[in-house]
Amino acid sequence: MTTINRPLLLFALLLTALGAISATAQPQALGVEGQALIGEPKGRPLSGEELERVTNEVSSLMRCPVCQGLSVADSPTPSAVAMKEEVRQFLAAGYTETQILTYFEQSYGEFIRLEPKAKGFNLLVWILPIAGLLAGLALVMRRVKQPAATEAQDDAPTTVDPDLEVYLEQVRREVSS
Amino acid sequence: MNRTALIVGVLVITPLLIFLALSFRSDPRDIESPLIGKTAPLFTLQDLDGNVYSLEELRGQPVVINFWATWCQPCIVEHPVLVAASRRYEGRVTFLGVIYNDKPELIRKFVRQMGAWGPSLIDEDVSVAIAYGVYGAPETFFIDATGTIVDKATGAVSPQYLVNLLEGMLSS
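Keeping their order, the protein sequence lines are chains D and U.
Going by our numbering, the first sequence wraps up at 185, each residue one higher than the last.
Going by our numbering, the second sequence wraps up at 192, each residue one higher than the last.
Hint data in this document are derived by calculation from the structure and do not stem from the laboratory.
Treat the hints with caution; some may be incorrect.
[Claimed, not checked] Here are the computed lysine-lysine pairs in the DSBU-like style, where the Cα-Cα straight-line distance is at most 35 Å: (1) U/172 - U/123; (2) D/127 - D/50; (3) U/58 - D/50; (4) U/172 - U/129; (5) U/58 - D/125; (6) U/123 - U/58; (7) U/172 - D/127; (8) D/50 - U/172; (9) U/58 - D/127; (10) D/125 - D/50; (11) U/172 - U/58; (12) D/125 - U/172.
[As the list claims (entries may be wrong)] Here are some of the chain D residues that sit facing chain U, going by a computed Cβ distance under 8 Å: (13) 114; (14) 124; (15) 126.
All residues carry an ideal CB built from backbone N, CA and C; glycine is no exception.
Please put together the full structure from these sequences, using the hints given.
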């Protein structure tokens with residue numbers, strides 16, 4: 009039969025109790041588990057002035073969800089301020105602009121991007137203004153060319169009916185005298 | 021006016037006008053949530069009494085998450101609907117309220133006067149509302165027993181809508 013070392017057993021029990029207490033005493037992180045949605049950071053952690061500058065840059069690409077046409081960077085609403093703070097935290101943790109925009113896109117969809125991605129139906133937004141500009145330029149060019157052509161037509165030498173040449177000559181004489 | 025210019029003008033401007041008209045008519049809150057059909061973002065929040073709620077631990081039965089505030093009129097309108105539903109589905113569906121841009125003391129006062137339909141969780145940094153893509157209050161998310169978001173309602177929910185959806189979730 010094995011004998012149990014009483015002091016050792018007490019020590020082991022004490023260690024177990026301490027472990028249990030420290031586990032329960034650990035503050036539970038409140039909030040959302042956002043990192044789980046976009047994986048590990050793919051960039052380098054930013055800090056100081058660079059962090060502030062990039063936070064503004066990324067926030068200015070995002071639409072404030074509770075405003076009319078304002079970016080997250082420009083909006084003073086609590087939601088936008090909170091989103092900007094999340095952007096700052098993500099950048100400080102080393103997440104890239106693409107990862108951050110992907111994170112917000114997962115909850116708000118593409119609506120969150122102030123500038124839609126140039127693909128699919130969105131291509132119209134990029135193509136139509138250029139098409140309109142080109143069409144306008146084409147029209148202007150055509151207008152510019154048309155009067156020149158008319159003037160050129162006016163300056164072209166005209167053939168006169170020989171029977172009328174006598175009368176034409178008379179008119180010229182009267183005009184010049 | 022030049023006929024070609026007119027045709028080109030109409031062809032360029034008409035699609036732009038249609039596009040703008042459709043865009044101005046659509047309310048961002050009516051855009052279908054990209055989260056529907058996906059796993060609900062997990063969170064851990066405290067209620068007004070300090071009790072901790074973790075969404076992950078609530079798996080196994082449907083969960084209704086309602087983002088609300090006392091300043092929001094539709095939230096006040098739907099409050100009795102949610103109170104009635106929480107009583108009807110007690111033990112079968114978990115109802116969680118997430119405070120959206122409001123002060124806990126105002127929520128506490130409101131709940132004391134009007135009754136509670138579930139714990140009111142404090143989302144101090146608005147991170148949970150952002151993770152759920154909330155545009156305003158009230159917005160209600162319906163999460164099935166596996167943790168998947170099956171539907172989202174914007175504005176005050178009607179009793180019929182709530183019952184139909186929850187019965188469907190419970191029977192599946």
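Verification of the supplied hints:
no.: 1; hint: U/172 - U/123; result: holds (24 Å)
no.: 2; hint: D/127 - D/50; result: holds (25 Å)
no.: 3; hint: U/58 - D/50; result: holds (24 Å)
no.: 4; hint: U/172 - U/129; result: holds (27 Å)
no.: 5; hint: U/58 - D/125; result: holds (22 Å)
no.: 6; hint: U/123 - U/58; result: holds (31 Å)
no.: 7; hint: U/172 - D/127; result: holds (27 Å)
no.: 8; hint: D/50 - U/172; result: holds (32 Å)
no.: 9; hint: U/58 - D/127; result: holds (24 Å)
no.: 10; hint: D/125 - D/50; result: holds (21 Å)
no.: 11; hint: U/172 - U/58; result: holds (12 Å)
no.: 12; hint: D/125 - U/172; result: holds (25 Å)
no.: 13; hint: 114; result: holds (6 Å)
no.: 14; hint: 124; result: violated (11 Å)
no.: 15; hint: 126; result: violated (15 Å)
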